[in-house]
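Spelled out, the chains give:
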Amino acid sequence: MDRVIFGDNQFFGINHMSEDKAQTLAERFKDVRAILGVLDAAYDCGIHAFMLNTHDKAREICGHLRANPQRYADLRLYPSLPYAYKYANAVNEKGIVEALNDFLFAGRTAGEAFATLIRGGRTIINRDLIDVMKLLVDAEMRVFRGLNVRAVFLQNIVSDLLLGMGARDLLKAFADHIVASYGVDPGFNTMNMPQMVKCLQDCGIENPLVCSSINKAGYFMSPGVKEYEETLRTRHFRAMAMSVLASGAIEPREAIAYVCRLPNIQSVVFGASSRTHIEEIQRLILAHWPTAEPSCAPVVEVKHAAAGCADLNAVTQAT
Amino acid sequence: MLRGGIIGFGRMGITHFAILNSRPDVEITAICDTHSFVRRNIARHLHVAAYSDHEKMLRDADLDFVVVATPTAMHKAAACCALERGLHAFVEKPLTLNPNDSHELLAMVGRSACVNQVGYVLRFSDVFMQVKRLLDARAIGDLVSYKMEMRGPTVLGDTRGSWRSQGDAGGGCLYDFASHAVDLVNYLVGVPERVVGAVLRPVYSRQVEDALCATFLYAGNLWGNLMVNWSDPSCRKPSYRFEALGRNGKIIADLHAYRAFFRGPPDIDGLTEGWNQRHITDFAAPIRFYLRGFEYTRQLDYFIDCIEGRASPGVSSFATAAETDTVIARIRASAAQEKRSERWIA
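From first to last, the protein sequence lines are chains A and B. Note that the numbering used here gives residue 262 to position 196 of the first sequence, counting from 1, and the numbers run on in steps of one. Note that the numbering used here gives residue 647 to position 312 of the second sequence, counting from 1, and the numbers run on in steps of one.
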């Protein structure tokens, strides 16, 4: 696992503490070139692992990364999907069936669309939810074709929904699909880490990869800091910490010192919008984790997804 | 163990199910939805009895409470059925499309001991609860005026495929979206005595409004402006901005933070003279399970606490929701009046 991963929430106008800050970020990163400038700064600071949501801008970002293989030769991506708002808005506008059809067929060639139709059945409505989920995952993953993907995360809005519903077979089906179709680790973003870890282990997912907010302020940590710390101490899983700065509520030095002292944290995911800030956080993490150099993982081949995703020929070139 | 049922398994029904199901003292044993795709997957993946008819569900399943999350036009029939059986009821907002219907439901709960609640979730938002405390404590003195703005990217094209495009089903910006802002005004400031100058306008929709404005008038010269637009592509998600001016200061709030100006020390929450800023990270209380926002869990936990006698009902009851429906009806009446004036001028 990469110990330091660069997150992307800041590029999409997300700030959990302030709508004014979120607006400033949305204005600043309206142009993908501004985003790429910050990603380049992170890459040049030695952070070669990026977590990317499947926001509309991900297509352009990934296109740029694909077009410059030498510049990003050591790149490792951790996609996080789905970007839920685009689904919610489309379902509001069109109803669920037409929205699903749009997502599954948008931007595809006739042959690809035909393959999806064969696999999905003529009408989505007659299919089982697991089949629909697999088709949607494959549709989202097309953005990352040809890039070095290390793990695929289920966004917390979906994973926590499935957790609350007790839909264990769907969580397990997601994990199995990611392993079978892409040959990488499935990951789970969550705002309810202790319950999620227990649920995934109860599902039979061993040593699960779980990314959650972990910060001294206890922000976005349900049910509370105490339960998080106990889970980190007692459960066998791979923990990734995000929102370590609590959207700016905690001073960086204090924030990083807290998270790096906790047991079982494999990676820290952080977002920043300037080179100075990236260097500051990177320096603080290195001070606590001297071994936080980018990991030299073996070559991984991302397998083709099954029929319907014939263009996802992502053979990776890791170091 | 409380046994619950859910009527309507769309976006809100699913959210409520997940939050309630995550409680150890609640079991959702029945779900009703009209779509066969939804029912088939409920039975297969959630292992809950799925019904197509809510009357049959309420008759056959032995329930303590029900959550009604259907399109608004069906709220009254489902809620009546539940109340007749003595079930506690949580109904999504708005309560009904007509204040008379809401008052009929209110009369029914008046004759029973059922806990009743409506999904005006902003009454459980950390920031707006803080703002309510400040206003109730008269921290900015007598109110002079306020504005409530709500905007979102909910409808950015023709919505003919959805019930949101049909006014008689409860679609349209006023019922489906602005009802939150109207209820928030009622919660924070109080129910206006009069509504004047209301304008309802389409942006993309053909049969319903996508944007509206109105002026609310109160006794004692207080007035407020409401501006709502659900066809604003510049937003990532629905957002609110409430700005209240009082004789001793001002409060500006959204879902994540508030800023407050005081002419003198307000003597509350450590706030001081001049400008203050508080973010949600300063005061958000921990929540046992998080989905979509702290307030979604808080409102349902409050509902369960009321049923089990751990909390006093009333924060977002059928009574307060009926007041909101009355204000919505006044907005419609004012808009109709404005339209007649426009025609007369033309």
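In short, the hints are calculated from the structure, not lab data. Take these hints with a grain of salt, some might be off.
[To be verified] Here are the computed lysine to any residue pairs in the SDA-like style, where the Cα-Cα straight-line distance is at most 20 Å: (1) A:K282 to B:K572; (2) A:K123 to B:A592; (3) A:K87 to B:A592; (4) A:K96 to B:N560; (5) A:K87 to A:R69; (6) A:K96 to B:A619; (7) A:K87 to B:R486; (8) A:K87 to B:D636; (9) A:K264 to B:R623; (10) B:K572 to A:I223.
Hint by hint, work out which the structure violates, then give me just those numbers in ascending order. 1, 2, 4, 5, 6, 8
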